[in-house]
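There are 2 protein chains.
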Amino acid sequence: MHALETDLYQLTMAAGYFHRGLAHTQATCELSVRRLPHARRYLVACGIDQAIDYLMDLRFEESDIAFMREVPALAPAMTDAFVDYLREFRFRGDVWAVPEGTVVFASEPLVRVRAPIIEAQIIETHLLSLVNHATMVASKAARIVHAAGGRPVLEFGTRRTHPRAALSAARAAYLVGAAGTSNVEAGRRFGIPVVGTAAHMWTMTHDSEEEAFGNYLAVFPDATTLLIDTYDTLRGAERAARIAGDKLKGVRLDSGDLVALSREVRRILDEAGCTKAQIMASGDLDEYKIAELVAQRAPIDSFGVGTELVSPSDACSVGGVYKVVEFERDGRRVYVAKRSEGKVTYPGAHQVHRLMERGRMTRDTITLASEEMSETERSDLPLLEPHVASGRRVIAADLRRARDYTIEALKALPRELHALEPTDEPIYEVRISDALRALAERVWSAAD
Amino acid sequence: MHALETDLYQLTMAAGYFHRGLAHTQATCELSVRRLPHARRYLVACGIDQAIDYLMDLRFEESDIAFMREVPALAPAMTDAFVDYLREFRFRGDVWAVPEGTVVFASEPLVRVRAPIIEAQIIETHLLSLVNHATMVASKAARIVHAAGGRPVLEFGTRRTHPRAALSAARAAYLVGAAGTSNVEAGRRFGIPVVGTAAHMWTMTHDSEEEAFGNYLAVFPDATTLLIDTYDTLRGAERAARIAGDKLKGVRLDSGDLVALSREVRRILDEAGCTKAQIMASGDLDEYKIAELVAQRAPIDSFGVGTELVSPSDACSVGGVYKVVEFERDGRRVYVAKRSEGKVTYPGAHQVHRLMERGRMTRDTITLASEEMSETERSDLPLLEPHVASGRRVIAADLRRARDYTIEALKALPRELHALEPTDEPIYEVRISDALRALAERVWSAAD
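Chain order of the listed sequences is W and P.
Using this note's numbering, you'd call the opening residue of the first sequence number 1 and step up by one each time.
Using this note's numbering, you'd call the opening residue of the second sequence number 1001 and step up by one each time.
Worth flagging that the hints you see were computed from the coordinates, not collected in a lab.
Here the structure is a predicted model, which means the values were calculated and not measured.
Incorrect hints may have been included.
Some but not every residue of chain W turned toward chain P, in silico, with C-beta under 10 Å [stated by the list, open to error]: (1) A169; (2) A198; (3) P299; (4) S302; (5) I395; (6) D398.
A virtual CB, placed ideally from N, CA and C, is assigned to each residue, including glycine.
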């Protein structure tokens, strides 16, 4: 179903390995981010579970093979033997990965794949797409949720990104603590609470705001959040209070000076006896604006965030890469690494150990996966765990549990990582273990 | 299939219109962009044909209806009568739109929908998602293609966006003149030429670069573009020339000083007799870097562009909105418009007339759709044309034809619009017709 949603070169290289007798070479590849985006102090790994779903489902259907024969660059390699290989193709490798929602930093592997080289190669593009996109959204959403300081954040961004990307974005936002989404399909697919109010169009296609509010209440008597800024927000608040009375669940402000308006609206609602009615704010919000509203003590109970959550203008992509770190052929193990400007990779299969002190993340150490930790480091938390063994999933995906884990993990962030301003200062210490550094120096020198 | 890929409030409002006897209200809504992104001088409308596909396919399946009953906010409205309405739901309205690939500016309608209000309302979110995303990519890709000055641009961005968004991005890039994509599924689905070279992993999992090149050539003797920057680019070029000889189709540079390297590599290839071998450049390219390479006369034959094409950091979203402009109820026509800070809308159904002089776009005029053009303006090109009439598609989508149209349209851009630098100066004149302005003044005053 997704086999052709990849770069052509993955398929030509697969054919190349096959025809040159390299199909049984075992390769280990890792997905990591070389540099954090300038405007991010940490990333939240996301999309891992969806990537595993993809690996479990990956098949070449007859229609896929038929199209591959038609691609001029591939056609010469589509022999009967290779076609038979594709028909039998399954991902049969091992995958270690950090749990969905883990806080990660530059150079730390999010996913480690060990598989016959064709399998390890073919999956690269789709794996990167899923993880890069979801990690990009989760990392922004975590900042927004934190800025809201416990007030619910609702994901409203569907219209500002591709419809399918929107589903993944709603999931990523929920993972890091958003309370709900406006996207109904995301609710169905992922079990996320689905929320919404009304649009200006509802009000504008009635003869008056009173009539619009009355009609909405008549249909949804128990769950009405009224949008009150279509004409005059304060008059809208008065009308909402008058018409809904104590049934008024809430009002939404979508424009204007949200500090001043929320205070005035709160006063109007309270004086009318609608003390339980909540105020939701929306309209081009991001973590900076939300932090300011919270700092100003604006009486806003929840935030609806769209554009900036799903397409963050300060970091709209995450540059995760997928690099081979070692391979085995004819019984030999070969370590692979590169050191060029801005493109350092470390050889070998890795683990990340996280030191926790008094409930706070304190320091990470990237080690060789095979490395024995010293006595003092043994208490550090190893981040990568087995997800797939010989092509079989060994951890069931569970979004609710992943969300609980993520929210706890974000509570353990050092305070400096929660600061919103971009910085180029190293804030969080990520060490390279002595054994890994020694191996890297050896491999780098040999490659130079 | 896509019915629930929308915001919840579209469905609650639909239920509201239904239960309050407004189902037969006819509404006209328009999709337009209020302000261009700061870094864009024009937009290329894209995603229109996919949006029409969505309208033609839109159905509420039983499984959709079953889930809608489970959403607490919707449940009270899911009466038998409304469920029957949903089962019979089809989009039966009219759609006018600019052709796929049309250059558009702020306030100009890209799509105009006239339909019973429930239909006009329900489609809002998905329509915006498709058009906003594709227009975002097409508008960036047009700049990149123009900067390349006739050299082929290849879309390589799949790994930097969601897998499904990547398909739409490949299509948008092709529409504006990209020569191909690395995404195989995009090739199958849209008939785009599929292209690719090899990755560093291919080279790094061989014992030597020579062996890697030799193995690739053995499998793909006639179509080999070799990636030569894995170790030392110039030695890579020498090896490629030596091993492939005059069969060498091309080489790819993915890092380093592309001006200096491309000159050296060209010299090495020419001296080795590989005069027909082409040089492809990739690696974090965008229109600025490409323009600089072209200005420096770097001997690069084609450009592979990824991240910045699919997730442009200078404008990663387009803020298209969908607003009701008029509705008819009980035989009355009501014009709708708003004038608040930064949020001006014009009442009534609109047309855009484009004045062409000596093959160049010269000025646009936004008019009422019903307006008679004066003698002097009659030669202006009306941009919106009927796409759907009473729920039936009246223009078949044809990506090749749309691409030809788009490439021609981009040639007609005034030179100032091709400049890459952001500007807040108004560069291209978009007039409001006298009749429209008079109507707008009347409606704005009444709303104040």
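Original post:
Any hints this thing doesn't respect? Which numbers, in order?
Top reply: 3, 4, 5, 6
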